[in-house]
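Residue numbers (the numbering used here), protein chains in the order written: chain A, 1 to 193; chain B, 1 to 373; chain C, 1 to 233; chain D, 1 to 357.
Simulated from the structure, these hints should not be mistaken for laboratory data.
Source: prediction; values computed, not measured.
A few of these clues could be false.
Claimed, not checked - Computed spacing ranges between beta-carbons, pair by pair:
(1) Glu-181/B <-> Trp-23/A: 16 to 26 Å
(2) Val-132/C <-> Asn-332/D: 53 to 63 Å
(3) Arg-79/A <-> Glu-134/C: 22 to 32 Å
(4) Val-216/C <-> Leu-151/B: 26 to 36 Å
(5) Asn-135/C <-> Pro-327/B: 19 to 29 Å
(6) Thr-35/A <-> Gln-280/B: 32 to 42 Å
(7) Arg-198/C <-> Pro-327/B: 30 to 40 Å
Heads up, the beta-carbon is just placed ideally off N, CA and C, and yes, glycines get one too.
If you want the building blocks of each chain, they are given just below.
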Amino acid sequence: MEKYFRDIWESITTMMTGLGITWMHMVRIRRNNVTLQYPEEKWPRPERNIGFDHSNYNVIRSRLNVDIDDCIGCLKCERVCPVQCIKIVTEKAPVRGEDIQDIGHIGVTSNSSRKALVVTRFDIDMTECCYCNLCVYPCPEECIYMTGGPNAHKHPIDYEFSEYDRSNLIYRFAKKGTKDGMQKILDAKGAES
Amino acid sequence: MGVIHGEEMVLNIGPQHPSTHGVLRLKVKTDGEIISEITPVIGYLHRCFEKHCENMTYDQVIPYTDRCDYLAAMANNFGYVVAVEELMELKVPEKVEYIRVIMAEFQRIASHLLALGVYGLDIGAFTPFLFMLRDRERILDMFEMTCGARLLYNYMWVGGVSHDLPKGFVETAFQFLDYFEPQIDEYNKLLTYNKIFVERTADIGVLPADVAISYGVSGPNLRASGVKWDLRRNAPYSIYDKFEFDVCIGDGAKGTLGDCWDRYYVRMLEVKESVKILRQALAQIPKDGDVHQALPKKIRPPKGSIYSRTETPRGDLGFYIVSDGSPIPTRVKMRSPAFTALAVLGELAGGWMMSDVISILGSLDIVLGEIDR
Amino acid sequence: MSSDQEKLIAELVEKGLAGDMDPINAIEDRVLRSKAKSALAKAKRAAKVAAATAPEADKAADEIPEETPPSDHPNQKFGKMIEDKFPGVLEADLNDTHIQLKPDNWFEIAKWLKSEPALHFDSLQCHTGMDVGENMLEARYNLHSMTHDHKIEIRIAVSRDKANIPSIEQIWRIGDWFERETYDMFGIFFDGHRDHRRMLLPEDWEGYPLRKDYEVQQTYHGIAIPKVKEGWE
Amino acid sequence: MTVDTLFSWLGGLIPAMEGSGTLLVIAILIPCLVLFLVVAVNAIVMVYAERKVAAFMQDRLGPMGQGVGLHAGKWGLLQTVADALKLLTKEDIIPENADRFLFILAPFVIFIGAFVTIIAVPFGETVIVADFNIGIFYILGMGSLGVIGIILAGWSSNNKWSLYGGMRSAAQIVSYEIPAGLSIIVVIMLAGTLSMQGIIEYQAGGMGNWIIFANPFTFIAFFIFFISVIAETNRTPFDIPEAESELVGGFHTEYSGMRWSFFFLSEYANMLVVSAVASAGFLGGWHSPIPGYFDSNGWGVFWMMSKIVFLIFVMMWFRWTFPRLRVDQLMNICWKVFLPMSLINIFGVGIWTLFFG
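Next comes chain A alone, as it looks inside the complex:
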């Protein structure tokens, strides 16, 4: 019998406590509010200053980007990708480190390494990308990166890169016509020899 009344009493007190908490939250909504009105307000991105020699790498996990002019076609990123979402095809350049005007190939990277290969195809399937950032680290020319962070001056940070068609999410970074142009050059060379 005592338990019966104690239970009723406990019910009343604990429930009143709960009601008090929700009431306080309701009247203090202006102070407590956590909602952001999304398209107008956006979540403040935390300051990212990682402050040591790694600062050239960025810590934002957004879409991948490749500065194709700097790519030497070493395939390191393709090999390290755990989901095989990077596909690179290269052809041997006729002369190492020299520009090829026809296809817009630039022979020397911004780190002044001379390219021995022409990247005819550099595709990244962002539908499969798992944003693990593993491809960014091994790149010797630092030409593959996720947009944002220290690279924010190159590209705006864009988390919302949704598309209506899945095939639009396969990013093709190699310059248009590189493949055909390169084929022509190789054919010409073959004919010569």
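Position chains B, C and D against the provided structure of chain A, taking the given hints into account.
For chains B, C and D alone, coordinates are given in the frame of chain A:
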């Protein structure tokens, strides 16, 4: 008084159901509201984790471990790298150990918050769930600040971590802890001691200690049954032996030892303990040091095998790794704590009512990504 | 590569191994020269490995009985206890990593491992299968004792043709699901299991995926199983 | 009463048709239409209010308008309108194996159960469709009609979850009728009448005369009544018939579009009715709390509405604070706590009236 038995009905809870925490199917035999038999059917989220691991290098496995227990990805990273490092007999710098512990404990708070909140939601209380998610977001913000990702981090590497802590992280973390600690009391007042909640969870789904051990149940579920077993204390890995904290066990305060309320409350207490660990770790963390110092050039563990366990928010996460000396593991077996926790459901839930099954399932805190792998 | 070149390279490698590098360096053709050099490097490495392993193996065979101090690893103690209780079940010599058992008496051994007060392995931590090659499959059990806080790894090898191991599902209840998973992935049959079904894959799936020679089936209920990524071109 | 007044007024307007059946039908239809509007507007406002209350209690903002173009208005005021439009245009799915006739019938039965009760609800001194002399019993009786619809919906969906919801609902509503009715008996004992207006008249003269403050037993009776009617309207913490985390959607799992929204409409209509009964029976109805002030006819509607709105707010407050009970606990509370207490209440009120009244 005799008990009237009606015709038994087979009910499918799941694979799509609001409170199966993923794609879990429960084949339930019911007699009215009473459950007579319950059979979990798993495999709907099977993503061939172990087969994948046999085809890639040791560092490529880490993003996959993220996706096993997607609510405690840091803890999974931690478990995996600890196993590989143990296999390679690699010593990591002290600063890295501190960072790892900080991240793992933050992840524990985040994971427990979600577990507790969703448990409230299973019972029908909506508001505590949103309060807890609100605070979890702040932890995820800190993770984003550190490594750029909010859910699947790929942060811990064999021999180090991917990024050093950003400037101002320690201050942010202390701010969060100061804000967070009073919130725990509010959760308790709002949900834990609420009479309806207690009625729904106390004395329900009692898991005796010997059954729990026989089923390999671990983590908070085991501790709620009164077994003082925590790998951070009993078999310390990393630098957990440096910190002062209590191993929280259930005491049957509201009902029987090992009931749903105990399992819930042990998690709540563990959040408090994690805050304690975090305060110590954040105060002691060395200022200088390179987190990439011990990264091996090529991860090529010697021939052999290792079974290594770590304490994730869900329990003992074991990695059984077999290496043949090549850069690709021969076999990676993940012994997931949620797998064993779900296995015990059939034993626990028989004889209870429909609503209790949901309550018991929620209290076990399973993550289907980890069960099906 | 033509057979002439191959022969030439083989000759050069032989000379190179003897220490005479001049003929290789004298080759005009760049491609041939580099091929010869790489073949030489490979041969040297192989020779080194052979030199390193052969004496060691001999040494191991000779010296272990006399010189190696008896390991104080708990495995030695546990192995001896098992050997005393069940003579002849050990399949291999004791070592520090695991205890290799024969499948025959496994159920009784497991029961004893759990009930023996000095051992009291009350928790089956991990159980998995392993394709060890040479037509053999292995079941591995990681046991742990909550009371004594010691652990042991037990391996049981069976051949693929007769992959039957007694089930320990009734001793450690988690063995139920662990063994079902191992059966699912490796096709090891557990005799005496009361609910011997596949765990993660559907009941009518063909093959055992974690065997090393597993080939994915072509279709499943008329649904083609994709293997190669499409949509790139 | 309203229909009679309308009938004679219309008869005066069109003398040729005075007393004809057509005019009677028109006289009945006009209040029906008004009541339907009241129910619909009530649902729209209440859904909006519920979402805002929920959001504020959870540190959120709830529906908000934003940006240019089609949006939900300032502070999301048009959100429910948009929702209603969406529900109207949604595909109407009837499961293949469902009992088609009953499946279609069920939402209407539920809605009628909620709808017909409103005619006996006094919103002001004269604002009432029909002031029966058995008004309060009429409301209690008709209010439990809805359970038939819920059982129909649960049965005809041919879905196990729905069946569970229907069965739970039947048990729950039938049980909670009893403490609710017994608590109302306390009111009837004091007021000596079953007419709604009569009960409200009895409470004239300020807060002190409200039945809730008449004596300690009526005070308890109010809470028993209020909690019982929350259970009858299937609101959290008693929402086990639709318990989302257990029964997916309960009895309305298979419903979609407009049919589903009828369940919603009737839920909010039920909330309105039971709050009206509670405020008429215990909180002085359309009487002002302070005698003599703001006591005119128009203020009467204001007082009644504010009491109703306050009670509905309390229901929402409960919903967003408490977890859900289990089905047997629900029954335990009903039969082991509320029933004895309401019996004691009747006894106590009798004794109290004998000695102090």
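Now the hints, each set against the structure:
1. Range check, Glu-181/B to Trp-23/A: about 23 Å between beta-carbon atoms, so the 16 to 26 Å window is met.
2. Range check, Val-132/C to Asn-332/D: Cβ separation about 60 Å, and the 53 to 63 Å hint holds.
3. Restraint check, Arg-79/A to Glu-134/C: a C-beta distance of roughly 31 Å satisfies the suggested window 22 to 32 Å.
4. For Val-216/C and Leu-151/B, the hinted distance range of 26 to 36 Å is satisfied, since their beta carbons lie about 30 Å from each other.
5. The supplied range of 19 to 29 Å is met by Asn-135/C and Pro-327/B, whose beta-carbon atoms lie about 26 Å from each other.
6. A C-beta distance of roughly 35 Å is found between Thr-35/A and Gln-280/B, which places it inside the suggested range of 32 to 42 Å.
7. At roughly 32 Å, the beta-carbon separation of Arg-198/C and Pro-327/B lies within the given 30 to 40 Å, and the hint holds.
Figure legend: structure checked against the earlier numbered hints; every hint is met.
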